[in-house]
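There are 2 protein chains.
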Amino acid sequence: MAKSFTTREENYAQWYNDIVKKADLAENSAVRGCMVIKPYGYAIWEKMQSVLDKMFKDTGHVNAYFPLFIPKSFFSKEASHVKGFAKECAVITHYRLKNNPDGDGIIVDPDAKLEEELIVRPTSETIIWDTYKNWIQSYRDLPVLCNQWANVVRWEMRTRLFLRTAEFLWQEGHTAHATREEAIEETRKMLHVYADFAENFMGIPVIKGYKSPNERFAGAEDTYCIEALMQDGKALQAGTSHFLGQNFAKAFDVKFLNKENQLEYVWATSWGVSTRLIGALIMTHSDDNGLVLPPKLAPLQVVIIPIYKTEEQLQAISAVVEPLISQLKAKNITVKYDDDDSKRSGWKFNEYEMKGVPVRIAIGPRDLEQNRVEVARRDTLEKVSMSMEGLPENIQALLDEIQQNIYQKALKFREENTRKADTWEEFVSILDNHPGFVLAHWDGTAETEELIKEKTKATIRAIPFDAPKEEGKCILTGKPSHQRVLFARAY
Amino acid sequence: MAKSFTTREENYAQWYNDIVKKADLAENSAVRGCMVIKPYGYAIWEKMQSVLDKMFKDTGHVNAYFPLFIPKSFFSKEASHVKGFAKECAVITHYRLKNNPDGDGIIVDPDAKLEEELIVRPTSETIIWDTYKNWIQSYRDLPVLCNQWANVVRWEMRTRLFLRTAEFLWQEGHTAHATREEAIEETRKMLHVYADFAENFMGIPVIKGYKSPNERFAGAEDTYCIEALMQDGKALQAGTSHFLGQNFAKAFDVKFLNKENQLEYVWATSWGVSTRLIGALIMTHSDDNGLVLPPKLAPLQVVIIPIYKTEEQLQAISAVVEPLISQLKAKNITVKYDDDDSKRSGWKFNEYEMKGVPVRIAIGPRDLEQNRVEVARRDTLEKVSMSMEGLPENIQALLDEIQQNIYQKALKFREENTRKADTWEEFVSILDNHPGFVLAHWDGTAETEELIKEKTKATIRAIPFDAPKEEGKCILTGKPSHQRVLFARAY
Numbered sequence: 003m004a005k006s007f008t009t010r011e012e013n014y015a016q017w018y019n020d021i022v023k024k025a026d027l028a029e030n031s032a033v034r035g036c037m038v039i040k041p042y043g044y045a046i047w048e049k050m051q052s053v054l055d056k057m058f059k060d061t062g063h064v065n066a067y068f069p070l071f072i073p074k075s076f077f078s079k080e081a082s083h084v085k086g087f088a089k090e091c092a093v094i095t096h097y098r099l100k101n102n103p104d105g106d107g108i109i110v111d112p113d114a115k116l117e118e119e120l121i122v123r124p125t126s127e128t129i130i131w132d133t134y135k136n137w138i139q140s141y142r143d144l145p146v147l148c149n150q151w152a153n154v155v156r157w158e159m160r161t162r163l164f165l166r167t168a169e170f171l172w173q174e175g176h177t178a179h180a181t182r183e184e185a186i187e188e189t190r191k192m193l194h195v196y197a198d199f200a201e202n203f204m205g206i207p208v209i210k211g212y213k214s215p216n217e218r219f220a221g222a223e224d225t226y227c228i229e230a231l232m233q234d235g236k237a238l239q240a241g242t243s244h245f246l247g248q249n250f251a252k253a254f255d256v257k258f259l260n261k262e263n264q265l266e267y268v269w270a271t272s273w274g275v276s277t278r279l280i281g282a283l284i285m286t287h288s289d290d291n292g293l294v295l296p297p298k299l300a301p302l303q304v305v306i307i308p309i310y311k312t313e314e315q316l317q318a319i320s321a322v323v324e325p326l327i328s329q330l331k332a333k334n335i336t337v338k339y340d341d342d343d344s345k346r347s348g349w350k351f352n353e354y355e356m357k358g359v360p361v362r363i364a365i366g367p368r369d370l371e372q373n374r375v376e377v378a379r380r381d382t383l384e385k386v387s388m389s390m391e392g393l394p395e396n397i398q399a400l401l402d403e404i405q406q407n408i409y410q411k412a413l414k415f416r417e418e419n420t421r422k423a424d425t426w427e428e429f430v431s432i433l434d435n436h437p438g439f440v441l442a443h444w445d446g447t448a449e450t451e452e453l454i455k456e457k458t459k460a461t462i463r464a465i466p467f468d469a470p471k472e473e474g475k476c477i478l479t480g481k482p483s484h485q486r487v488l489f490a491r492a493y
Numbered sequence: 003m004a005k006s007f008t009t010r011e012e013n014y015a016q017w018y019n020d021i022v023k024k025a026d027l028a029e030n031s032a033v034r035g036c037m038v039i040k041p042y043g044y045a046i047w048e049k050m051q052s053v054l055d056k057m058f059k060d061t062g063h064v065n066a067y068f069p070l071f072i073p074k075s076f077f078s079k080e081a082s083h084v085k086g087f088a089k090e091c092a093v094i095t096h097y098r099l100k101n102n103p104d105g106d107g108i109i110v111d112p113d114a115k116l117e118e119e120l121i122v123r124p125t126s127e128t129i130i131w132d133t134y135k136n137w138i139q140s141y142r143d144l145p146v147l148c149n150q151w152a153n154v155v156r157w158e159m160r161t162r163l164f165l166r167t168a169e170f171l172w173q174e175g176h177t178a179h180a181t182r183e184e185a186i187e188e189t190r191k192m193l194h195v196y197a198d199f200a201e202n203f204m205g206i207p208v209i210k211g212y213k214s215p216n217e218r219f220a221g222a223e224d225t226y227c228i229e230a231l232m233q234d235g236k237a238l239q240a241g242t243s244h245f246l247g248q249n250f251a252k253a254f255d256v257k258f259l260n261k262e263n264q265l266e267y268v269w270a271t272s273w274g275v276s277t278r279l280i281g282a283l284i285m286t287h288s289d290d291n292g293l294v295l296p297p298k299l300a301p302l303q304v305v306i307i308p309i310y311k312t313e314e315q316l317q318a319i320s321a322v323v324e325p326l327i328s329q330l331k332a333k334n335i336t337v338k339y340d341d342d343d344s345k346r347s348g349w350k351f352n353e354y355e356m357k358g359v360p361v362r363i364a365i366g367p368r369d370l371e372q373n374r375v376e377v378a379r380r381d382t383l384e385k386v387s388m389s390m391e392g393l394p395e396n397i398q399a400l401l402d403e404i405q406q407n408i409y410q411k412a413l414k415f416r417e418e419n420t421r422k423a424d425t426w427e428e429f430v431s432i433l434d435n436h437p438g439f440v441l442a443h444w445d446g447t448a449e450t451e452e453l454i455k456e457k458t459k460a461t462i463r464a465i466p467f468d469a470p471k472e473e474g475k476c477i478l479t480g481k482p483s484h485q486r487v488l489f490a491r492a493y
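For the record, the sequence lines run as chains B and G.
Residue numbers for the first sequence follow our numbering, so the first one is 3 and each next one is one higher.
Residue numbers for the second sequence follow our numbering, so the first one is 3 and each next one is one higher.
Calculated from the structure, these hints are not laboratory results.
As the structure is a prediction and not an experimental result, all values here were calculated from the model.
Check before you lean on any hint, since a few could be wrong.
Just so you know, same-sequence chains aren't split out, so a pair can sit in one copy or run between any two.
As the list claims (entries may be wrong) - Below 27 Å or equal to it, Euclidean Cα-Cα: the simulated DSSO-like pairs (lysine-lysine) are: (1) K115 <-> K89; (2) K475 <-> K24; (3) K257 <-> K414; (4) K23 <-> K59.
Use the sequences and the hints to build the structure in full.
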């Protein structure tokens, strides 16, 4: 059947945009760089939120809410933090509009100028550590384990729906600890939570590792990350967890009395994932027929479509479908019976395929006679006939299988597209001819990393946690190196 | 026992602030008018969100997300809307900071001035109707039933935690319909959802009614509201639902082809409740011992406290508590066993009383012997001894009873503090001596309402839906009136 949208082969970027649009996930708004997340896209985000929120609570965290605005002076307090965020932030300077005395419309009231400008939070370390100062006096007040679900704004110049937008939704965890070790342990724990979520819910295999100093969060001593590989061979940072040392405690003077009755600065972490994950989800699994969703995050897991000509046939089908729906719901499967008379079944097939509904059940009069249904799975596009007998159990098993299969498929893709390069020529050739992850030696300096980026647009995505010790020479400078790091061009 | 905080009698406003602070609900932030919602306060908001979200979905609504920022020009498009919001909005004029070339710190980069200023949304009608323009072409695209959970900003000059803050959290429903009747029906339906939530979950009796033109939402043809009465006799608007007519459709040129193939403007509603509800919750039920929470919205419903001297006693108690916890959890009751050794039980009693935990179970060695426990209910502060036999069922029944009781208590208070006034003297005397709701005749004009407000600070809270027809004379002007309206001083 002719598809009305671009294939990955033709134009990967356009394919992505087409899916976002045609699966009704999001659109650009009238405000530069800000997106509208449409109901279907938002439903995916709600699913993600609900899984992550439970994971955070199961690991002892609580939710709270901190102000949207940050006084300008707060930014100056942590030097590298302001350097990282000052160039791309929305600044509030006034608090009132008024009628234009010289004509039509409304203008900013010059008399309503703020004494100190406010920044719309690009991230909340500063306002939160200013708050923690009042919460933490003694070791008994520690740890503080807060998470916040919020919107943040970074004035990006080039934006793409979900992947890079001026405003985005995210969660940001901010924790305070009595010791360096405990904070590092927390940083690591939350990265593992993210990896667990990415692999077991999103079906996206990820590499866990350290960021190089160049790619670290502004204000962090260490940044851990999970990195995923998209179908075009570009990497996508899917989540980060930062060990902030005592940087923010020092900037905001947050000290506590330890068990030895000595004043000490508090140790910090922060960690976050955002609506960017929806971009990763789309680009990892989808195909030229549209969106493919992991069953665990699909707003709708099963759609049932009646195939009929007469009202009598429809009634006979509906009579069978009704108990089936109850049985599926009893298994916590989200199901919809689409008996909308105004749409052809072919149109429906396309629509649910485009929207990535994992399982489609079609029932026609002949199926009824045989006490069977036609079951189509979205991931492989295969169709099989299944007996009504034991169908709910079989559908549940199929959903599990799809969840597994798309992960395995993505894992296989990543393995096939992770290569080792030992020379500069190899490195460049791989990047140009076989885009993907490249494991290569690097001399460990920021200058070399910068130079490699300038020459190839590839960056160090991660220094993998599990990278084996291996002696080698930096692909650019030939200087000695003790392990390979993971390079790629990235989103 | 001596309480370390203000009683209602002494100073109602201070009592409120003390509860917010001592029950760990929220605090002021470094940003003028913006609050920090602390974990315990936020947990109440999460409970509210989860109940309301289900109610919205059960009535056919879906969630979506629209931009935080609104172009200034959008405001000018609906005349009364801009009039209502222009005087109190945060205005973004720049998108970059830079190092101060003349000294220390960072300054707003004058080269990064926006061509058109952006307003931080005080409400989202304008940006949403600009979006709906692209979503709606035909009657087949209607209705659109979207809700958004979001933060909004109104630059209030005098702020109070939860009740009136510059930034607050809320939900805003925005729906689009093919006919006036359907939109009015939706406006009404959502007001009933709010009333249901207020009465059956928050335990707050509310009056449903119309707002007078003076109190209408800026841009609405009609505003329906639910009004509650606080313990100090002041009213609090707990939720509003607006029939917007075709105002925003006309402002943003949103037309649809109706079934007769004619172009017509779309009909609109919007409706919202906010974190202000937490203020209402506090002020309706709490007492001089602290917060009182309705069991259905309490983050923690039952706390179990062991009373012991020896480690052996604690072990014996814990052995009994463990299965009890499982049984309570199986009934979906949220329970915590506080065996923290570093706090005295008296301290714990006070703490959970302050935090409004509906039921406290205490178990000591003597209770163990008798196979009984001491159960204290937060609403009446009564303590009774209960057998371990059938305890989970009895606790569940007690939670239901508390939920009912605090509603009945609030209802009785409102009934006792709702009076009729037939003359101006009566009216003023009631307001000054028996603060509460006053049912009085009004001549129906905005001028009279304004004058009454100037003289007494009382406003028309609602024209009750169920107000009986009754001929009378306006308390101020003596002009004829056909029904009483509800006056009060208000938050």
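Identical-chain pair category, K23 with K59, by Cα at 27 Å:
Only across copies: K23 and K59 sit 24 Å apart there, 34 Å inside one copy, limit 27 Å.
Intra/inter-copy verdict for K257 and K414 if alpha-carbon distance must be at most 27 Å:
Answer is neither: 49 Å inside a copy and 50 Å across each miss the 27 Å cutoff.
When Cα atoms must be at most 27 Å apart, do K475 and K24 count as within-copy, between-copy, both, or neither?
neither (48 Å within a copy, 61 Å between copies)
With 27 Å as the alpha-carbon cut-off, assign the pair K115 and K89 to within, between, both or neither.
Answer is both; intra-copy 22 Å and inter-copy 13 Å each pass.
This entry does not satisfy hints 2, 3, going by the numbered hints stated previously.
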